[in-house]
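Start counting the sequence shown at 10; every next residue gets the next number (my numbering).
Hints in this document: simulated from the structure, not taken from any laboratory. Take these hints with a grain of salt, some might be off.
[Claimed, not checked] Mimicking DSBU-like on lysine-lysine, the simulated pairs with C-alpha atoms at most 35 Å apart in a straight line are: (1) Lys55 / Lys36; (2) Lys130 / Lys110; (3) Lys135 / Lys149; (4) Lys130 / Lys144; (5) Lys77 / Lys36; (6) Lys77 / Lys48.
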Amino acid sequence: MEMNALPLRKGYNKPAKRVGRGIGSGKGVRCTFGNKGSKARAGRTKRIGFEGGQTPFYRRMPKYRGFKTLHPYDYATVTFQLLSIHFNDNDVVTTEILKEKQLIHPLYKSFKVVATGVLAKTLIIKGQATKAAQKIIEEKGGKVEVA
């Protein structure tokens, strides 16, 4: 099919509305802009958020100043899945080893093991663990020693 053979859409050839061509046209005098006022003048658009002189919503709301934690690097969370991938049976897991293997950010002071995923190995954890994680580690024959 050629571009020049495409059928025209309905309303494609609709002529533009002719306003301001005399009172006899029915769209003379006020040209469909209504009576006097700012909306009848040239350049009559209002900015986005304008509420007619009332204090706009974005100025009524308080400024968002954010939030910064006081201790962002206290402890990192480590999952069973991460431990199963990067450690072998009977390995000792410490904060230093996790930092060496780049599994946690170097600024973290300690780590906490959470019971997410499946633990497939026996590990000795020298750090913190949640109660559920500690129970699963001990069932597998591992140990949790709070450093």
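Evaluation of the provided hints:
no.	hint	verdict
1	Lys55 / Lys36	holds, 24 Å
2	Lys130 / Lys110	holds, 18 Å
3	Lys135 / Lys149	holds, 16 Å
4	Lys130 / Lys144	holds, 14 Å
5	Lys77 / Lys36	violated, 61 Å
6	Lys77 / Lys48	violated, 47 Å
The structure is inconsistent with the numbered hints 5, 6, although it conforms to all the rest.
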